Amino acid sequence: MTDTFQLDGVAVPFEPGQTVMQAALAADHYIPHLCYHPEFKPHGSCKLCTVKVNGRTMASCTMPAEAGLEVESEIEELNALRRTLVQMLFAEGNHFCPSCEKSGNCMLQALGYDLEVHAAGFRHQYPDRPLDASHPDILLDFNRCILCELCVRASSEVDGKNVFALAGRGNNKHLIVNAESGQLKDTDIALSDKAMQVCPVGVILPKRVGFSQPIGERRYDASPISAQALEDAPRPPSGVEHD
Amino acid sequence: MLPDANPIYGESPRCDLHADLHEIVARHCGEKTNLLQLLIEVQACAGYIPDDAASYIAAMLAIPRSRIESVASFYSFLHLKPAGEYRVLFSDNITDRMLGNQDLMEQMCRQLWVQPGKVSEDGLLSINTTSCTGMCDQGPAMLVNGHAITRLGSQRIQEIGQLIRNRTPVAEWPADYFKVENNIRRGGLILDNKLAYGQVLQATRAVAPATIIDTIKGSNLRGRGGAGFPTGMKWEACRNAEGEARYVVCNADEGEPGTFKDRVLLTTQADLVFEGMTLCARAVGAKKGFLYLRGEYRYLLGHLHAVLQRRRDSELLGESILGEQGFDFDIEIHLGAGAYICGEESALIESLEGKRGVPRNRPPFPVTHGYLQQPTAVDNVETFCQAVLALHMGAAAYRAIGTEKSSGSKLISVSGDCASPGIYEYPFGVSVRQILSDCGAVNTRAVQISGPSGICIGEHEFERKLGFEDLPTAGAFMVFDDSRDMFEVARNFVHFFAHESCGFCTPCRVGTSMLKQTMDKVAAGHGTQHDLTEIENLDHVLQTTSHCGLGRTACNPVLHTLKHFRPAYETRLKSLDFEPAFDLDGALARARQMTGRDDAGAHLKENE
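Residue numbers (the numbering used here), protein chains in the order written: chain V, 129 to 371; chain F, 883 to 1490.
Careful: at least some of the hints might be erroneous.
Calculated Cβ distances over 10 angstroms to all of chain F for the following chain V residues [what the hints assert, rightly or not]: (1) S262; (2) L294; (3) F339; (4) S354.
With a straight-line Cα cutoff of 35 angstroms, these simulated DSBU-like cross-link-like pairs (lysine-lysine) come out [unchecked claim]: (5) K1347(F) / K322(V); (6) K313(V) / K1237(F); (7) K289(V) / K335(V); (8) K1347(F) / K180(V).
Keep in mind that the hints were calculated from the coordinates and are not lab data.
Predicted model only: the values in this text are computed from it and were never measured.
Every residue, glycine too, gets a C-beta built ideally from N, C-alpha and C.
Pulled out of the complex, with its shape left as it was, chain V reads as follows (with noise of 0.2 angstroms):
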């Protein structure tokens, strides 16, 4: 018999060691997050996919689920929350979605959609993030980074490579790649790497393929992201090990 935990007051089963996150997606139950991806180990740094534990508040990714939890999700005040955690990842980078290559196939962009952020909220910051165009093959374009870490885990879980890290402190905390140079063609990365495939915002772009498919038949102009998170959730549902 499994155990289970309440989310917005439904059982839902889990299997020792998943995270709310994980048992959650795995049994069909939208929780809103960006940096949480079912293939790495959950770290928790948006902050999205926070909910109410037994009143207090945690981030369902990295909570471990527990026999009789008491979760709330899908409240009101959670979304408020998490309409002003877009808001901030906003006006922190540069973000000009009419001219953005990945807008339609933005998490960042999809949660605004899908969360009703009608506002900007915050003044934007404008950070000054040069280009890496360097590379033959693929564009950095550090405007949009939104520090989720999912390249720096992919090319080091998955590709054994570590071509991105993340440099600085605080507001300047930012991504860097692996070179004395500090250019991405000094690096080893490569077309086929998982780091490639990651990026939820438009940061990391292979070259010469821009706009291929055109605005509005996109992933998320398809529908939304809470109906396409569920359709990419893993089954069997331990997240990690998924091959």
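With the hints as your guide, set chain F onto chain V.
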């Protein structure tokens, strides 16, 4: 371990990094966990971490080069670009400001023709600010190439400017500059103890580890670093956790602005600290301990290494302590490098492992998965001292001191507007008013208890008592009299949190920076009621979604001062509902600078 006689104080012309680098790496045995220590030495030797040195270290340690950059850029005292032969950092706690550090910094910048935060064109120096350096009772203070200098004044700044201009090595500067006073104003259980070193260790030789833990539990000793977790329970959990090895860690990363009691304990009671760590090691079964010393206190290294060596020579550390077979324990000192967040225990452990000091996800907690994922007991400097006294006196006698839920004494670091700033030791339960009277504070408007992350109380609350029942504290006690502007106090603290946020989670990384901008907007006279609402909104997001305590408490200074001193904010507000943050005239500043103009025609008209 860093040796005592390290040639680290040489300024760059004297240091041949290429000759020394090999030796520095070799001394750290190519251990990845020593990466931070290694980088600190390279920084001290060369004044920064050159590109080729970073590549060399990466190759020698078999780690990606990006990891060097990633770690080095996390810590304020490490530089990946040349930062001047002389790196001057003014301590910028509110107490330094109250003593006039801003004028002094401006004077020095003018004297040496440099802009704050920039390296002089000849590469000679840079001048910047840093978070509180723990010299609040003898400020304003600064660090020059890591050396603490206290009691700054206009004259001293003038002299320092001359020494820098003449390229006099810091080691040859007048010794008086570097004098750090203990300023012990009131002793007690800890500060007046008459224990000989090794006495309690000797006395507990025949006592079983479980009994040691029972005594600590029975004494009701709670952690003195702020959180107040019961020490006996922590030691017991560490002892009972499964693991291949156990570790004892002393948290001497005293970064909370306004706190300096650990500095005084390490200066005057180092034996007591190490004795407490050794007793803890015996109780939990640890063979290795670390003292994590904040970089600002590196001047204490020589003294601490000497005490450790004396204890080794006296069989109080090392193998078979006091002749007891199997009781092996030794202590290594690791330095921090300017990161407040490393005072958080899981971030401290990450830093000990040579990584960025980012707090871990918890659970699991350090008592089960700490250093190298092994059971680890992390306690504050003062907690280890208190533990020795509790074991010496016995649980009942110790518990009789203080109050019911807060047993024993507490060291208070008093600074700000008072006649006698310094260290005061009291049994728990002392009232704020009593401390104010003892330190000679008059016309007091407010007291900031336990630093920026603590609470700010006003006059009507001065009867409140220090202790876990009422006002828990890590020891900071900053006094503000009625001449002080509490808005500026809060703004200083908000800048501190934004500077020290590790940047891991969205709410703290972005939120502390937004909060800083909002406070600056209000300070500049552009604030509105809308901004106060935004502050309250930010506070809610930070408190509910932040990864660790830093983000959750970052709004406290604003909330507490808004509650008690709202007029300090409201007199600054424009009577509008909305005022854009964008300052049209301010945006022309760069154009004015480039054209060398500052006449009326180069300004937009005030639309008052």
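Now for the hints, and whether the structure bears them out:
The Cβ of S262(V) lies farther than 10 angstroms from every Cβ of chain F, with a closest approach of about 16 angstroms, so its non-interface assignment holds. Non-interface status of L294(V) relative to chain F is broken: a Cβ of that chain comes within 10 angstroms, the nearest being about 6 angstroms off. Every CB of chain F lies more than 10 angstroms from the CB of F339(V), the least distance being 29 angstroms, so the non-interface label holds. Remark: the non-interface label on S354(V) is consistent with the geometry, its nearest Cβ contact in chain F lying 20 angstroms away (cut-off 10 angstroms).
Distance restraint check for K1347(F) and K322(V): the Cα-Cα separation of roughly 58 angstroms exceeds the 35 angstroms cut-off, and the hinted pair is therefore not satisfied. For a cut-off of 35 angstroms, the pair hint linking K313(V) to K1237(F) stands: about 26 angstroms separates their Cα positions. For the suggested pair K289(V) and K335(V), the alpha carbons sit about 21 angstroms apart, so the restraint of at most 35 angstroms is met. Simply put, K1347(F) and K180(V) have alpha-carbon atoms about 34 angstroms apart, close enough for the 35 angstroms limit, and the pair holds.
When the structure is compared with the earlier hints, violations turn up for hints 2 and 5 and for no others.
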